[in-house]
Structure formats: C-alpha cells, structure tokens
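> Chains as they are written, first to last, in this note's numbering: chain R, 45 to 430; chain C, 45 to 430.
Hints were generated in silico from the structure; no laboratory data involved.
In this text the structure is predicted, and so the values were computed from the model without any measurement.
Note that CB positions come from ideal geometry on N, CA and C, so glycine has one too.
Certain hints may be false.
[Stated by the list, open to error] Short, incomplete list of chain R residues facing chain C, as computed with Cβ under 7 angstroms:
(1) Leu52
(2) Ser107
(3) Tyr293
[Claimed, not checked] So, partial list: chain C residues that the calculated Cβ filter (under 7 angstroms) puts toward chain R:
(4) Leu68
(5) Glu79
(6) Phe81
(7) Ser108
(8) Gly111
(9) Pro242
(10) Ile289
Number of protein chains: 2
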Amino acid sequence: LRPVQRILMAPGPTDVDPSVLRVLSAPVLGHTDPEFFSILADIGTGLRQTFQTQNPLTLALTSSGTGAMEACLANVIEPGDRVVVGVAGYFAERLALIAERLGANVVRVTAPWGSPVDPGDLRRALGDASTKVLALVHGETSTGVLQPLQDMGKLAHEHGALLLVDTVPTLAGIDVQVDAWDIDMCYSGSQKCISAPPGLALVTFGDRAVAAMKARRTPVSFYFDLQMLERYWYGDHMYHHTPSISLYYALREALRLIKEEGIAERIERHRMAQTLLLDLLAEIGLEPMVEPDSRLVTVTTVRIPEGVDDLSVRRALLQDYGIEITGGLGELKGRIWRIGLMGYSCQERNVLLVTSALKAVLSRQRLGTREAAISAKPPARASQAL
Amino acid sequence: LRPVQRILMAPGPTDVDPSVLRVLSAPVLGHTDPEFFSILADIGTGLRQTFQTQNPLTLALTSSGTGAMEACLANVIEPGDRVVVGVAGYFAERLALIAERLGANVVRVTAPWGSPVDPGDLRRALGDASTKVLALVHGETSTGVLQPLQDMGKLAHEHGALLLVDTVPTLAGIDVQVDAWDIDMCYSGSQKCISAPPGLALVTFGDRAVAAMKARRTPVSFYFDLQMLERYWYGDHMYHHTPSISLYYALREALRLIKEEGIAERIERHRMAQTLLLDLLAEIGLEPMVEPDSRLVTVTTVRIPEGVDDLSVRRALLQDYGIEITGGLGELKGRIWRIGLMGYSCQERNVLLVTSALKAVLSRQRLGTREAAISAKPPARASQAL
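Using the sequences and the accompanying hints, generate a full structural model.
See below:
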C-alpha cells in the first residue's frame with residue numbers, strides 16, 4: 045500500500061496532523077483494558093470541552109457522522125412521532141429521510157439551497173401540534189450555509205420538542221455552545237474540524253434528551269443503543285460492542301491538539317483562512333454562492349463560471365496537484381465547487397496553493413491546453429515507504 | 045499517548061501485525077478518491093477469497109461485528125417475520141435480541157452452554173411455519189463451541205428460509221465456505237482471525253439474500269442500508285457515508301497477509317496452536333470445558349479450578365505480564381477462562397508464555413504470595429515513543 049499524499053480541501057475528511065497519524069500505529073489494546081477506559085475518559089473530557097457542555101452522556105460512536113444522525117434520532121423517536129426538520133440542503137434532507145425510516149411523521153421546513161431556514165417558518169411549523177424533535181443543521185456542508193441557532197432551544201422547548209443539531213462541519217471550527225444554546229442532542233464527526241481520521245461519530249445528550257430516551261416504549265437499534273453505550277463508557281463497563289480502538293487513540297490526540305491550540309484561537313484561524321480564500325478567489329474571478337451573513341466559515345461554496353467544466357477542473361486539481369476539492373450535491377451538481385478549510389487542512393499555505401492551482405487549471409482550460417506544466421510526474425507520493 | 049504493549053489472547057481484538065499497524069499511519073484519502081476505490085476493490089477481492097464466495101455483494105462496514113449482525117438482520121427482516129435462532133451462548137442470544145428489536149417473531153432453539161445446537165431440534169423448530177431466517181453462530185466465542193454447518197443451508201432452503209451465519213471468531217482461522225455450504229448471509233469482524241484492528245465488519249450476501257432485501261416493503265436503517273453501500277462500493281460510487289479510511293488500509297494489508305500465508309496453512313497454524321495449548325494447560329491441571337468434537341479451535345474455554353479466584357488471576361496476568369485473557373460471560377462468569385489464539389496472536393511463543401504465566405500466577409496464589417518475582421517494573425511499554 046502506497047497511498048498518495050493528497051491535500052484534502054473537500055468538506056471532509058481533512059488532512060490529519062502527523063502526531064495524530066502516528067498514534068494510529070500504536071499497539072491495539074483490548075476493549076476492556078483499564079488503559080483503554082482511561083483513553084475513553086480523556087475523550088469524554090475533550091469532547092465536553094469542545095461541545096462546551098457538561099452533559100455526562102457525551103461519547104464517540106464507532107460509525108461515521110451519518111451513524112450519529114441515526115443514533116440521535118433512533119434513541120428518542122418512536123413510530124408516529126412528529127419531527128420538524130429545517131431543510132435547505134443535502135444533509136438536512138438526510139436527517140429527514142432517516143427520521144422517516146424510523147417511522148416519524150416528518151414536517152420539512154424548507155428554504156432555497158444557499159439560504160438558511162427562516163425561524164418564523166420553523167415556529168409556524170411547530171404550531172400547536174405535539175412535536176418530539178426540532179432538527180437543524182448548523183453548517184450545511186452541501187451549500188456552505190450557516191444556520192443561526194439563537195433562540196432555537198427556547199423555540200423548541202416552548203413547543204415541548206427536543207432540539208437536535210448537526211454540527212458535523214462546525215464543531216471545533218466555529219463556535220458551538222451546547223449548554224448555553226440549550227441544545228438537547230448534538231452530534232459531529234471526527235473527520236472535519238476535529239481533524240482526526242473518519243470513522244468516529246461524536247454525540248452529546250442533555251437531560252431532556254436522556255429523559256426522552258429512557259421514557260421510550262418501543263425498542264431501539266441495538267448497535268446505536270446509547271444507554272448501553274453509556275454503561276460501557278461510564279458505568280460498570282459492561283461489554284456492548286468492540287469499538288475501533290485505534291481511531292480512539294487518534295481522536296484523543298486530536299482533542300489534545302485542540303485544547304493546546306485553544307478553541308477561541310482555532311475558531312479565529314478558521315475565520316481568517318476563509319477571509320483570505322475569498323480574497324484570492326475574487327482575484328481569479330470566482331464568486332461565493334452564499335451571502336456574507338449566512339456564510340459557513342469552514343466550507344466555502346463557489347459558483348463555477350459559465351462555460352467551465354466542473355469535472356475536468358477537479359480532475360486536473362487532483363491528478364496534477366494532488367488537491368481534492370468537491371463539486372455540488374443534488375441540485376447544485378455542476379454549478380458549484382465546495383472548498384473545505386477545516387482542522388489541519390486549514391492552513392494559509394493550502395489557501396495559497398488551492399487558489400493558484402485553480403488559476404493555473406482555469407488558464408489552461410481557456411487556452412485549450414490540458415496538461416500541467418510539469419505533467420510527466422505522478423502526483424506527489426508520501427515520502428515514507430509503506 | 046503511550047499505550048502499553050499487551051499480548052492479546054482474549055477472544056479479540058488480537059495483536060496486529062506490524063505491517064498492518066504501519067499502514068494505519070498513511071495519509072488519509074478522501075472517500076471519493078479513485079485511489080480509495082481501488083483499495084475498496086482490493087478488499088472486496090480479498091474478502092471473497094477469505095469467505096470462499098463469488099458473491100458480488102461482499103464488503104466491509106464502518107462498524108463493529110455487532111453492527112454486521114444488525115446490518116444482516118435489518119436488511120432482510122420485516123416486522124412479524126419468523127426467525128429461528130440456534131442459541132447456546134451469548135452471541136447467539138444477541139442475534140436473537142437484535143432480531144426481536146427489529147420486530148421479528150423469534151424462536152430460540154437452545155442447547156446447554158458448552159454444546160452445539162442439535163440439528164434435529166432446528167428442523168423441528170422450522171417445522172411447517174413460514175420462516176424468513178435461520179440464524180446460527182459458527183463459533184460461539186462465549187463458550188468455545190463450534191456449531192457444525194453441514195446441511196444447514198439445505199435445511200434452511202427446504203423450509204424457505206435464508207441461512208445467516210456468524211463467523212466472527214472463525215473466518216480466516218477455521219474453514220468457512222460460504223458458497224459450498226450454501227450460506228445466504230455471512231458476517232465477521234476485522235479484529236479476530238483477520239487480525240486487523242477492530243472497527244470494521246465484514247459482510248457477504250448471496251443471491252437469495254439480495255432478492256429478499258430487494259423485495260422488502262418496509263424501510264431499512266439508513267446507516268446499514270446494504271443496497272446504498274453496494275452502490276457506493278461497486279456501482280456509480282454514489283456517496284453514502286464517510287467510511288473509516290485508515291481502517292480500510294489496514295484491512296487491505298491484513299487480507300494481503302492472509303493470501304500470502306495461504307488459507308489452508310493459516311487454518312493448520314490455528315489447529316496446531318490449540319493442540320499445543322491444551323497439552324500445556326493439561327500439564328498445569330487446567331481442563332477444557334468443551335468436548336473434543338465440539339471444540340472451537342480459535343477460542344479455548346478452560347474451567348477455573350475450584351478455589352481459584354477468576355479476577356485476581358486475570359489481573360495478575362495483565363498487570364505483571366501484560367497478557368490479556370478473558371473470563372466467562374453470562375452464566376459462565378467466574379467459571380471459565382477464555383483464551384483466544386487468533387491471527388497474529390496465534391503464535392507458538394504466545395502459547396508458551398500464557399501457559400507459563402498462568403502456572404506462575406496459580407503457584408503464587410497457592411503459596412499465598414501476591415507479587416510477581418520482578419514486581420517493581422511496570423508492564424512492558426511499546427518501545428516506540430508516541
């Protein structure tokens with residue numbers, strides 16, 4: 045195996061700090077080893093700091109972020125429950141789909157892709173009906189839009205609903221305050237602003253959510269049963285399933301790096317990187333899709349200029365320079381590029397590189413030449429022999 | 045992070061070959077990178093060789109083996125379906141529980157823990173009722189019993205049922221022939237005889253199972269939706285979720301090592317290791333729990349002698365020698381030890397070590413001394429600085 049060395053500027057996974065990559069190779073511990081439980085405890089502490097919460101039920105699942113979506117919904121929803129979802133992008137629609145598969149009565153409150161969902165619309169949808177969950181996506185990776193969360197906890201609770209928030213591309217890159225904002229259930233992934241490898245999902249449940257989970261009458265998915273997982277992590281360590289030990293080493297190290305940097309400093313780094321990115325993109329005639337007020341800092345969506353072929357540009361970036369950015373999903377396919385600046389990938393040199401590489405590729409396309417200046421070479425490979 | 049260097053002789057996870065540990069630290073690729081799809085294709089080929097099947101739908105999930113249990117059952121079972129489970133241990137009971145949570149009408153065919161389930165009892169339970177799935181555990185990790193699978197495919201199909209087989213502790217350590225034995229759905233984990241790190245679940249579905257999956261009318265778990273996963277792996281690579289990239293590197297390398305060794309040679313290595321283990325255990329007065337005919341080669345269950353304290357012996361093995369073995373689950377708690385000899389952990393030197401360490405610890409306990417001869421030292425730590 046000699047995987048190429050990419051520069052990952054898609055909306056995740058990101059490049060991973062060498063110190064995080066290194067701990068992945070540590071010897072595997074058993075899942076009931078006291079040393080491993082001390083690692084889990086460290087992760088719990090690090091996650092609480094990152095989510096800005098005191099919630100005891102805060103842990104990492106052996107699954108992707110999509111697994112966390114399913115875990116959060118599955119543990120509280122029962123067939124027939126009403127769920128209001130703010131939908132203005134691919135991942136919010138996924139939340140709605142998962143809730144429907146779980147038997148929920150889903151009400152979608154929509155907005156055009158590229159705008160946040162209107163709080164007034166959400167209030168009207170909650171209306172007088174008994175609603176179990178209000179679900180919102182804080183950062184919509186598919187559109188590059190930030191959904192404001194002010195007063196959303198209050199709104200949900202006034203209507204007797206739990207507030208569920210997806211912070212997959214925002215946690216540790218943009219301010220996320222689970223306790224101060226009254227979020228009942230919050231999840232994220234390991235591979236975005238946390239910058240650990242993909243494969244772990246981060247979940248925190250507050251008191252209201254725990255009460256709803258315990259009050260349910262119908263069975264929950266065994267694999268995603270958060271009560272059993274909490275017992276394994278924080279109770280008598282009763283076996284539930286064998287977690288992906290090595291990824292927990294990496295997550296612990298990634299959380300340590302976040303603490304070392306400081307959450308406020310990290311958020312500022314992400315903000316400055318996007319400012320520079322937008323400046324340099326403007327210089328080569330590329331415009332952001334989203335209005336300044338609604339822009340997601342960590343994933344920037346850029347309109348593809350008229351006459352430019354999405355796929356051939358991205359292929360050239362990948363093949364000639366080893367740079368990964370992503371195209372649009374769903375209705376935005378072929379119309380936008382998505383550039384992620386998250387975690388370890390969020391570096392000034394990457395901003396300089398992606399913009400100058402885009403400039404070079406777009407120039408070549410205008411001139412009708414297809415090859416990079418130094419085209420005979422394969423993409424840069426990892427220097428270490430594997 | 046400086047995790048201790050254990051010698052893992054519990055029934056999983058196992059120690060991991062250094063070449064597999066090393067690839068874990070390779071740079072992360074994106075989940076839509078052509079290089080990553082070529083790794084997935086290699087894994088598919090390696091899994092088919094290991095499962096001894098031609099099934100196109102053969103892949104690895106980002107979850108533990110318990111996730112694979114749930115995935116297999118969830119994709120074919122609909123509420124009210126009849127499922128017959130052969131239950132003579134903890135993991136078979138888990139299969140039954142998961143099926144029940146999915147709304148199945150579960151019929152347990154039991155046998156005493158320590159014996160296989162009787163084929164005649166299974167035939168009688170299938171009877172004339174319409175049954176969707178006959179589920180069996182090939183190697184019951186909790187008891188150390190091998191369930192014979194001869195004619196089980198035929199039996200299931202005569203009754204119109206699909207045969208589901210758990211091969212978590214057997215695949216790549218004991219003969220498993222998915223096609224020749226007419227198994228419709230089969231799963232395993234990455235961390236047993238495959239000897240990759242934990243966190244991936246291995247699944248293969250034959251034609252009958254695929255047909256049943258496609259014919260279902262009720263929704264399936266989004267995360268475990270095998271049709272979406274198959275499309276991501278082998279179809280147009282439509283995004284489903286972000287897999288744990290690094291673990292797939294490791295699985296690919298572990299499967300390469302299996303091919304290099306040869307399946308037959310690997311099976312023989314596991315057989316010889318248990319023979320030596322039982323000989324050396326007998327020399328120190330430790331007797332196997334299971335009759336020779338039913339013994340699982342890869343996990344050996346040993347009766348704890350009268351008057352010996354389970355926990356203090358295992359704690360001494362772990363603290364003084366860094367050796368992990370496991371105690372009994374459920375009704376066997378405190379009554380047996382379980383010693384795994386799987387994959388990279390299945391080495392003659394480990395057999396010599398665990399038996400001589402057990403001898404030393406048991407002697408100390410008889411003499412009423414608690415300390416190891418060289419007790420001041422901490423357990424051996426990994427030599428590499430992490």
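> Using Cβ atoms only, decide whether proline 242 (chain C) comes closer than 7 angstroms to chain R, and label the hint accordingly.
holds, 4 angstroms
> Was the hint right that isoleucine 289 (chain C) lines chain R, CB cutoff 7 angstroms?
holds, 6 angstroms
> Given glutamate 79 (chain C) was flagged as interface, is its beta-carbon under 7 angstroms from a beta-carbon of chain R?
Hint on glutamate 79 (chain C): holds, closest Cβ of chain R at ~6 angstroms, below 7 angstroms.
> Tell me if leucine 68 (chain C) is really an interface residue toward chain R, meaning its C-beta lies closer than 7 angstroms to one of theirs.
Holds, about 4 angstroms.
> Hint check: is the beta carbon of serine 108 (chain C) less than 7 angstroms from a beta carbon of chain R?
holds, 4 angstroms
> Does the CB of glycine 111 (chain C) sit less than 7 angstroms away from some CB of chain R?
Glycine 111 (chain C) check passes; min Cβ-Cβ to chain R is 5 angstroms, inside 7 angstroms.
> Was the hint right that tyrosine 293 (chain R) lines chain C, CB cutoff 7 angstroms?
Interface hint status for tyrosine 293 (chain R): holds (6 angstroms vs cutoff 7 angstroms).
> Does serine 107 (chain R) pass the interface check with chain C, least Cβ-Cβ distance below 7 angstroms?
holds, 6 angstroms
> Quick check on the hint: leucine 52 (chain R) CB to chain C CB, less than 7 angstroms?
holds, 6 angstroms
> Go through the hint on phenylalanine 81 (chain C) and say holds or violated, using the shortest Cβ distance to chain R against 7 angstroms.
violated, 12 angstroms
Consistency note: the structure conflicts with earlier hint 6 alone.
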